[in-house]
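> So you can see what is in the structure, the chains are spelled out below.
Protein chains: 2
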Amino acid sequence: MNPPFRIAIAGLGTVGSGVMKALAARGDELSRRAGRNLEIVAVSARDASKARGFAVKNWTADPLALAKGDADVVVELIGGDEGVARALVETALANKKHVVTANKALLAKHGKALAVLAEQNGVSLKFEAAAAGGIPIIKALRESLIAHGVEAVKGILNGTCNYILTEMEATGRPFADVLKDAQALGYAEADPTLDIGGGDTAHKLALLSSLAFGAAPDLSAIAVEGIAHITPDDIAFASEFGFRIKLLGVARRTAHGLDQRVHPAMVRARSPLANVNGAANGVLVDAGAAGPFFFSGRGAGEAPTASAVISDIVEAASGKLGPVFGQPAASLVNQKSAPHGAAVSPWYLRFEVLDLPGVLAEIAGHLADAGVSIESMIQRGRAPGEPVAIVMITHDTAQSGVERALKAIAASDKVRARPCMIPMEAA
Amino acid sequence: MNPPFRIAIAGLGTVGSGVMKALAARGDELSRRAGRNLEIVAVSARDASKARGFAVKNWTADPLALAKGDADVVVELIGGDEGVARALVETALANKKHVVTANKALLAKHGKALAVLAEQNGVSLKFEAAAAGGIPIIKALRESLIAHGVEAVKGILNGTCNYILTEMEATGRPFADVLKDAQALGYAEADPTLDIGGGDTAHKLALLSSLAFGAAPDLSAIAVEGIAHITPDDIAFASEFGFRIKLLGVARRTAHGLDQRVHPAMVRARSPLANVNGAANGVLVDAGAAGPFFFSGRGAGEAPTASAVISDIVEAASGKLGPVFGQPAASLVNQKSAPHGAAVSPWYLRFEVLDLPGVLAEIAGHLADAGVSIESMIQRGRAPGEPVAIVMITHDTAQSGVERALKAIAASDKVRARPCMIPMEAA
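Quick note, the sequences are listed as chains P and Z, same order. The opening position of the first sequence corresponds to residue 7 in this note's numbering, with each subsequent residue numbered one higher. The opening position of the second sequence corresponds to residue 7 in this note's numbering, with each subsequent residue numbered one higher.
Calculated directly from the structure, the hints in this document are not laboratory data. One thing to keep in mind: the hints can contain errors.
It does not matter which identical chain is meant; a pair holds if it fits inside one copy or across any two.
Here are the computed lysine to any residue pairs in the SDA-like style, where the Cα-Cα straight-line distance is at most 25 angstroms [as the list claims (entries may be wrong)]:
| id | residue 1 | residue 2 |
| --- | --- | --- |
| 1 | 56 | 116 |
| 2 | 342 | 38 |
| 3 | 63 | 76 |
| 4 | 27 | 260 |
| 5 | 186 | 8 |
| 6 | 420 | 32 |
| 7 | 74 | 261 |
| 8 | 27 | 298 |
| 9 | 326 | 37 |
| 10 | 74 | 337 |
| 11 | 326 | 189 |
Work out the full structure, taking the sequences as your base and the hints as a guide.
Take a look at the structure:
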């Protein structure tokens, strides 16, 4: 038998507790899989005495001490893209300790530098838990779907947004109400900005994109739009057209560079992504000649995230190294980004207008001026005096053309609120 | 840079050709991922001069020579559970060469012994291509979904069957007609027995089951039923009840042992497995506390299967070892099997009966005698003189009870043909 594998865990929130419990419950089998005994030699958390349902031995107040002790791996579950988490990961790697982390924000911001540091020190930096929770999408992109080159990755990567959109569809209630309930139920944070604004999805997309395309993670290259402006009307109209609305992270190789975006999108009601419901996550990978592959499951929560962390720990224990992002970190480059607005698709457009003569002519005129051609249209009557929703589906159009038209239309005094535009995904 | 990784390929059929092409087209990136140059040093195929669209260098007539040469890895793509394929794999492992194979029949029959041999010799035996083609389900079960213990694996693992069932549903045509077309199109073999009889699915299930449950692959423990008896009526009735019919491989941990079965099953029309269409494959893994995870994609064909083979080659090249079935091969045991007939579910039953007085009373009587209680029933009129289809859905019932009732009913002279029974899956 090999010497034991010494594990230090920093952070005992939901995920850290899940890791402790699973190692306690199934340590024997997991040690057999790792080829050596898995031993927790140090734990750092804010409060050693908090009731957690398990005993905390070898507690230390200072997380940084874990990076300097005798652990073989440091499991960073503190979070945050700077501060203690960053210092802990950097110090651990520099001290030739493997690092396992669930920290998407840290890796989205400093992924390349940390990967270079890990590879220079001959240790691994693993982060299966940083995107899509228990779904092994990091490993699939890093090690499995590599033969033919990935063309695109599209993911539902934020369970909070997907829960809210699913609830809005099921109940017909507006965004703000459903968000409030989600907060009460613990599905959304007190400050939900990072989730509903799309930032969390962008962090995860940056990592998937790096693995798929050999790019350095680059948040600044991702255009981000959240879900707060989606209305029950949009969801109902989508359904009439045979679509559902999902917040997607999309990274795609194009002739003009790498196209990375986070935004609500219409997906065909029968497509795999459309049927990812509630707090679940799902990822569609277009693996070139090998075809599309789809993965779904629980993307957050104690057990699914702990499952991902533990798979990384076992892999580190069994001596599997390999480059952090699948290719040597030094070779990751800031790939050329596709120019903003180049993405071509049909678009769903919704205008809230005053029911006045000439309003349709004005909208149609601006669309024609921008070269946007309309495939179908719905106008629905409302109570007298209320604004009327006009909904259109365009033919294939570049985003920039639609944006130009909508800017002109938004300036009209017959149009209430900001017009809504949502791309319709082919798959 | 590490020394080059020397690859010997045995078999240049569809998959072997796909591997050669992908290595030729993307060898640079793949070498970067592997951390060393990937070099094909020997190839064995029946005919060196056949036109394949690529040049075959270093050809050798005798595949066994590959196991004795200077290759680091032998890629076995010959097929068959004995003969040359088995001799090649055994000799290569004994000579301390890594082996990558797509050979599900060989591993289902000799998996444990070969894994022991590989582990004794300190080399890897990798087989991602042996189940579900390009879907990285072998790796997911071996390395990722390990923290909480897998409760069940359910897979659509045979593209030919799934293509036939999908076509039957789309066109309403009978099994035999659709099979003939599938053969003409190359989706089914001239001798389709292994596919439509469920044997191929059983081979693959034996491997998934080993990875999920630490069992030695054991074909004899799998009850196998094919799809030849499924009629367009069954598919239409299933649809009325909100279900679709799929050939599933199911392995499940039960209180009475490991339950492994291959059979047509009704799956809810909105479930992920129900929406795996055409020649695609899909696998649902119930990963205990971590929840269900679903994987789908192309399960056969040149590029998807080559993708799986190449991921294994790159992994072997990068020095990742680890036990063949996730746990040390010597620890794989023949797990206790759940007794036949213990599986409990609702059942779809179809009887073709003569339209005579008393027939329903007779059927109902036999069902009652066996303790089978009926949840709903459809009887549909036909042209006079033709047999009538009676369809029933039972409440939760053990398979053995349904079988007992159907045996009695089949003996009636009012019943035409063998009654059909299909379990209805909860997910």
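> Next, verify each hint and record whether it holds.
Quick rundown of the hints versus the structure:
1. 56 <-> 116: Neither: 32 angstroms inside a copy, 51 angstroms across copies.
2. 342 <-> 38: Classified as between: cross-chain Cα gap 21 angstroms, same-chain 45 angstroms, threshold 25 angstroms.
3. 63 <-> 76: within (15 angstroms within a copy, 51 angstroms between copies)
4. 27 <-> 260: This pair counts as between: shortest inter-copy Cα distance 23 angstroms, intra-copy 45 angstroms.
5. 186 <-> 8: neither (52 angstroms within a copy, 56 angstroms between copies)
6. 420 <-> 32: Neither: 65 angstroms inside a chain and 56 angstroms across chains, both beyond 25 angstroms.
7. 74 <-> 261: neither (47 angstroms within a copy, 46 angstroms between copies)
8. 27 <-> 298: Close across copies (19 angstroms), not inside one copy (36 angstroms); limit 25 angstroms.
9. 326 <-> 37: both (15 angstroms within a copy, 17 angstroms between copies)
10. 74 <-> 337: neither (29 angstroms within a copy, 36 angstroms between copies)
11. 326 <-> 189: neither (40 angstroms within a copy, 43 angstroms between copies)
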